[in-house]
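Enquirer: Residue-level listing of the chains:
Number of protein chains: 2
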Amino acid sequence: MGNVTIRILARELQLSAATVSKALADSHEISQSTKKRVLEMAAALNYTPNPYASSLRRKKSNTIAVVLPEVADSFFSQAIDGIEAIAQDKGYHVLVCLTHERALKEQAILHEMLGGRADGILISSCSETTDPSSILELQEKGVPVVFFDRICEELDTAKVVTDDRNSAYKATDHLIRSGCREIAFLTISENLSISHERIEGYKHALDERGIKFKMTDIIPCTHHAEDNIHLLKKILGKKDHPDGIIASVEKLAVQVYQACHELGLKIPEDVKVIGFSNLVTASLLNPSLTTITQPAFEMGRAAATLLFKALGNKGADLSQVVIPSELQVRDSTG
Amino acid sequence: MGNVTIRILARELQLSAATVSKALADSHEISQSTKKRVLEMAAALNYTPNPYASSLRRKKSNTIAVVLPEVADSFFSQAIDGIEAIAQDKGYHVLVCLTHERALKEQAILHEMLGGRADGILISSCSETTDPSSILELQEKGVPVVFFDRICEELDTAKVVTDDRNSAYKATDHLIRSGCREIAFLTISENLSISHERIEGYKHALDERGIKFKMTDIIPCTHHAEDNIHLLKKILGKKDHPDGIIASVEKLAVQVYQACHELGLKIPEDVKVIGFSNLVTASLLNPSLTTITQPAFEMGRAAATLLFKALGNKGADLSQVVIPSELQVRDSTG
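Chains as they are written, first to last, in the numbering used here: chain A, 1030 to 1363; chain B, 1030 to 1363.
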């Protein structure tokens, strides 16, 4: 196709294809005025000697995009590995685009994707307020979209999740069995699908054991470590502080440890801690951290598999895959 | 420019611009045969109604690419944050492309970048064997390239590094002062610029204290955790095992902890450990990990700043920025 376009340029300019080709390569054999004419015509006819152009013609970029809140989180970095394992097999590149939990940034990225930058999108949303219009536009353009972990319930897309509600139930039940009666639940965004599910599981376990749910036990945290540690120290510094903490986000578990260390509180004697976390260092922390370990790699792999299925079929795949998480009991609840 | 191209299509096809426009939009008002003619001509003339096309015309993608070995490493994830802080200010998107330490993958990504996918490239190389031809081609095309952390010494590009040699010197000196005499140095790729620099610093400190350098104390590790832990257990299981370990890569420090835990060896009593690491959990490990903490965020920011300077000036920027690392003494060498 590249040759055809050079031939068309040549015809329009009444030059030989060789001359056009040399002019485009900025050859010293071609005069400045001819180069100028060739470049002007190339611009007018939208000629580009660019691999992207061939991608556009083929409508294929051989790239999938992964839209994520962040990578400084073991779940997401392991999920990326799972996604890349599949993409590699298919000869695709993976672009990682970070939203930093900002809906506007997410929208800008999705909007960019309308330009054919990727053949398909995997997304873990930064909030439930994902602008459905960008997703719908992508789907209309035949760009399949698969959500994983943090999904958007209203949208008809393929989805890969873990059993968030049941995992939070297991975590809460484990703390109650370990003797906790006042269990705080730390969350970052109550609006996320997964936060909602996890809070439901937490409530369910409390309810089953006859412990009254209190709205004040849901602790809304932020993305700023210092703010969270300040808040946690305030809560844990009280005489009647919680005796159990569920950190529904990996980095919050680390911040609970930091707050406890600073206050001189002992884990698990003074407060028991359980985190939704894929930290490789969980077993090496002081004390080792009890975790709900999500099947991050498998979720990434499953999401990519659904995406490539959709890319192959060109039909919208609306599968929903649920892969269970695992409670790993360690010393922080012992 | 979009209109011009539709007009040119229309002229070539001897149709009205409105008809061409409707045909491209797959309007029911236009016959199948006309649509076919329009699409064929659009393909032949390389017409595309695509935002990418306008990027190509402007030669601007408003995107920078970050080419990295991996993200499951605190240094790289913090460096990305530094890069994004600058890119955000400039209204640029950041694409993260992972090489997984494979030179072929890195080459494929750089080759893709020749297509105008990004206006500039930040790279932390997977090995010293970075194919210079791709980098040179990018530079010739006016796509600036800035190396950070893992640089390629032979290439004339802007570079941002930390004081690797001096940091390793400080780490080794600290272990010797803490009583170590048999210090193993764990490395992943001896061919990397930073490995080379770090080994030189290590040798220098040994030399200054009259400790003979032994090639067998340089332990080449792999990217496979199980293999490394197996190797470490073999080395640490010997009666005359090293009394000090420098892990020149973050994940190797974690693997030393795992091997010691499995063998029942006590850190720091049986073996002292120091890691090049930006782990936020370093202070929470059991025992807390002494680290050489690199200025990851600042290095990312500095690299992005150099890149935008080059994008503004269109001249090759050959600055070399060195930002010092910090020795943070904790209990693992105590």
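Hints are not guaranteed to be accurate.
Note that the list lumps identical chains together, so a pair holds whenever it fits in one copy or between two copies.
As the list claims (entries may be wrong) - No farther apart than 20 Å at their CA atoms in a straight line, the calculated lysine to any residue pairs in the SDA-like style are these:
#	residue 1	residue 2
1	Lys1232	Arg1210
2	Lys1089	Leu1053
3	Lys1267	Ile1035
4	Lys1065	Pro1316
5	Lys1268	Arg1066
6	Lys1268	Asp1346
7	Lys1064	Thr1251
8	Lys1051	Glu1166
9	Lys1170	Leu1053
10	Lys1089	Glu1166
11	Lys1089	Gly1144
12	Lys1232	Leu1165
13	Lys1243	Leu1265
14	Lys1199	Leu1133
15	Lys1263	His1290
16	Lys1089	Leu1143
17	Lys1241	Ser1207
18	Lys1119	His1140
19	Lys1295	Asp1360
20	Lys1064	Leu1133
21	Lys1338	Asp1360
22	Lys1119	Ala1132
23	Lys1199	His1233
24	Lys1338	Pro1161
25	Lys1338	Gln1168
26	Lys1295	Ser1312
27	Lys1051	Glu1169
28	Lys1065	Lys1241
29	Lys1064	Ile1247
Keep in mind that the hints were calculated from the coordinates and are not lab data.
Enquirer: Give a verdict on every hint.
Expert: Verification of the hints:
In this assembly of identical chains, Lys1232 and Arg1210 lie within 20 Å of each other by CA distance solely inside one copy; the values are 13 Å within and 56 Å between copies. Taking the closest pair of Cα atoms, Lys1089 and Leu1053 come within 20 Å of each other only across two copies (18 Å); inside a single copy the shortest separation is 25 Å, beyond that limit. In this assembly of identical chains, the alpha carbons of Lys1267 and Ile1035 never lie at most 20 Å apart, being 76 Å within a copy and 69 Å across copies at closest. In the homo-oligomer, the alpha carbons of Lys1065 and Pro1316 never lie at most 20 Å apart, since the shortest distance is 70 Å inside one protomer and 68 Å across protomers.
Taking the closest pair of Cα atoms, Lys1268 and Arg1066 never come within 20 Å of each other, the shortest separation being 81 Å inside a single copy and 78 Å across copies. Taking identical chains as interchangeable, the C-alpha atoms of Lys1268 and Asp1346 are never at most 20 Å apart, the minima being 53 Å within one chain and 59 Å between chains. Taking the shortest Cα distances, Lys1064 and Thr1251 never come within 20 Å of each other, neither inside one copy (56 Å) nor across copies (52 Å). For the identical chains of this complex, Lys1051 and Glu1166 are inter-copy neighbours only, at 17 Å across copies versus 40 Å inside a copy, given an alpha-carbon limit of 20 Å.
With identical chains, the CA atoms of Lys1170 and Leu1053 are at most 20 Å apart between copies only, with a shortest distance of 12 Å across copies and 32 Å within one. For a Cα distance limit of 20 Å, the shortest separation of Lys1089 from Glu1166 inside one copy, 17 Å, qualifies, whereas the shortest one across copies, 24 Å, does not. Taking CA atoms no more than 20 Å apart as the test, Lys1089 paired with Gly1144 passes in both settings, with 11 Å inside one copy and 13 Å between copies. In this assembly of identical chains, the alpha carbons of Lys1232 and Leu1165 never lie at most 20 Å apart, being 34 Å within a copy and 60 Å across copies at closest.
Taking CA atoms no more than 20 Å apart as the test, Lys1243 paired with Leu1265 passes inside one copy only; the shortest distance there is 17 Å, against 51 Å between copies. Proximity of Lys1199 to Leu1133 under the C-alpha cut-off of 20 Å is found in neither arrangement, the shortest distances being 35 Å within a copy and 44 Å between copies. Proximity of Lys1263 and His1290 under a CA criterion of 20 Å is satisfied intra-copy only: 14 Å inside one chain copy versus 35 Å between copies. In this assembly of identical chains, the alpha carbons of Lys1089 and Leu1143 lie at most 20 Å apart whether taken from the same copy (13 Å) or from different copies (17 Å).
Taking the closest pair of Cα atoms, Lys1241 and Ser1207 come within 20 Å of each other only inside a single copy of the chain (17 Å); across copies the shortest separation is 54 Å, beyond that limit. Taking the closest pair of Cα atoms, Lys1119 and His1140 come within 20 Å of each other only across two copies (18 Å); inside a single copy the shortest separation is 25 Å, beyond that limit. In this assembly of identical chains, the alpha carbons of Lys1295 and Asp1360 lie at most 20 Å apart whether taken from the same copy (11 Å) or from different copies (18 Å). For the identical chains of this complex, Lys1064 and Leu1133 are neighbours neither inside a copy (42 Å) nor across copies (36 Å), given an alpha-carbon limit of 20 Å.
Taking the closest pair of Cα atoms, Lys1338 and Asp1360 never come within 20 Å of each other, the shortest separation being 42 Å inside a single copy and 51 Å across copies. Taking CA atoms no more than 20 Å apart as the test, Lys1119 paired with Ala1132 passes between copies only; the shortest distance there is 19 Å, against 31 Å inside one copy. In this assembly of identical chains, Lys1199 and His1233 lie within 20 Å of each other by CA distance solely inside one copy; the values are 10 Å within and 54 Å between copies. Taking the shortest Cα distances, Lys1338 and Pro1161 never come within 20 Å of each other, neither inside one copy (22 Å) nor across copies (37 Å).
Taking the closest pair of Cα atoms, Lys1338 and Gln1168 come within 20 Å of each other only inside a single copy of the chain (15 Å); across copies the shortest separation is 38 Å, beyond that limit. With identical chains, the CA atoms of Lys1295 and Ser1312 are at most 20 Å apart both within one copy (17 Å) and between copies (15 Å). In the homo-oligomer, the alpha carbons of Lys1051 and Glu1169 lie at most 20 Å apart only across protomers (16 Å), although the nearest pairing inside one protomer, at 40 Å, exceeds that limit. Neither within a single protomer nor between protomers do Lys1065 and Lys1241 lie at most 20 Å apart by alpha-carbon distance, with minima of 78 Å and 66 Å respectively.
Proximity of Lys1064 and Ile1247 under a CA criterion of 20 Å is satisfied in neither setting, with 67 Å inside one chain copy and 57 Å between copies.
When each numbered hint is compared with the structure, violations occur for hints 3, 4, 5, 6, 7, 12, 14, 20, 21, 24, 28 and 29.
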